[in-house]
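I would like the entire structure built from these sequences, with the hints used as guidance.
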Amino acid sequence: MTTYSFRLFDLSGNLFENEFRDDRNQIAYIIRPTPQPKLGFAFPELPSPIEIVRQSDWGIALEHEPWRAVFTLLDTETIQSVQIGQQQEVLVEDMLRRDEEPNKRVFLGLDGQEYCWKPASRRLECFDSNDGVLAVYEYLVDDPSYAKLDVKPLGWAMTTEIITTLILARYDIRRS
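According to this note's numbering, the sequence shown is numbered sequentially starting from 5.
Be aware that a few hints might be false.
So the derived label-pair ranges between C-beta atoms look like this [to be verified]: (1) Ser-133 - Glu-69: 13 to 23 Å; (2) Glu-104 - Asn-29: 35 to 45 Å; (3) Arg-101 - Arg-28: 30 to 40 Å; (4) Gln-92 - Ser-125: 34 to 44 Å; (5) Glu-104 - Asp-27: 31 to 41 Å; (6) Thr-38 - Glu-104: 17 to 27 Å; (7) Glu-21 - Glu-104: 32 to 42 Å.
The list that follows gives simulated cross-link-like pairs (lysine to any residue, SDA-like), each with its CA atoms no further than 20 Å apart [what the hints assert, rightly or not]: (8) Lys-122 - Tyr-175; (9) Lys-108 - Gln-92; (10) Lys-152 - Gln-40; (11) Lys-152 - Ile-34; (12) Lys-122 - Ser-180; (13) Lys-108 - Glu-142; (14) Lys-152 - Pro-39.
Source of the hints: derived by calculation from the structure; they are not laboratory data. Glycine included, C-beta positions come from ideal geometry on N, C-alpha and C.
Put into structure tokens, the structure is as follows:
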């Protein structure tokens, strides 16, 4: 039996400003700071929230899947909270936690199920609670892209969650 996945390319590896493009070089997701109004010299400058936006004209987009996620930053390097779609904003430590298994990051999906990211050699793999593979993020060498993300059929309906939690998992790995 053949199972198909779709592939997105992480162009830079930057957690806060980046693009994911598909095999046709079409932008699927943009990760960028959200412009904030200037409050004036009497107020401290707050870091701009980071948004992950699925492009509306991307051909593989699913209508029921959240099209946007937002990270609120504590400072220019620290993610404080995340909001996916219309869900309530949650603290990062409530969204993604470390498991007893070394290096495993667990998150609760919008569907209420537990999923996890497990690092392997030069890659991160996303699994459901039955060890079904949802996505594989693999660092590339000698390629114009930083990495590739293969989203398997089990993960198609939650691509925005996969990209959001992938960024959180990579962020947590860098900080540990």
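Given the range 31 to 41 Å, decide if the beta-carbon distance of Glu-104 to Asp-27 lies inside it.
Roughly 38 Å apart at Cβ, these two residues keep to the hinted range, so it holds.
Satisfaction of hint between Gln-92 and Lys-108, Cα-Cα up to 20 Å
violated (25 Å)
Checking one constraint from the list: CA of Lys-152 to CA of Pro-39, max 20 Å. Satisfied?
violated (28 Å)
Checking one constraint from the list: CA of Lys-122 to CA of Tyr-175, max 20 Å. Satisfied?
Since the Cα atoms of Lys-122 and Tyr-175 sit roughly 14 Å apart, the hinted pair holds (cutoff 20 Å).
Lys-122 paired with Ser-180 [C-alpha distance capped at 20 Å]
Status holds; Cα separation ~15 Å.
Could you say whether the range 13 to 23 Å given as a hint is met by the Cβ separation of Ser-133 and Glu-69?
With a Cβ separation near 20 Å, Ser-133 and Glu-69 satisfy 13 to 23 Å, so the hint holds.
Between the beta carbons of Glu-104 and Asn-29, is the distance compatible with 35 to 45 Å?
Between Glu-104 and Asn-29, where Cβ atoms are some 41 Å apart, the hint holds.
Go ahead and decide if the range 34 to 44 Å is satisfied by the Cβ distance of Gln-92 to Ser-125.
holds (37 Å)
Does the alpha-carbon distance linking Lys-152 and Gln-40 stay inside the 20 Å limit?
Roughly 31 Å separates the two Cα atoms, so the pair is violated.
Do Glu-21 and Glu-104 keep their Cβ atoms within the hinted range of 32 to 42 Å?
holds (34 Å)
Take a quick look at whether Lys-108 and Glu-142 sit within 20 Å of each other, Cα to Cα.
OK: Lys-108 and Glu-142 at ~16 Å, within 20 Å.
With a cut-off of 20 Å on the C-alpha distance, tell me whether Lys-152 and Ile-34 pass.
Holds. Lys-152 to Ile-34 sits at ~15 Å (cutoff 20 Å).
The structure shown violates the earlier hints numbered 6, 9, 10 and 14.
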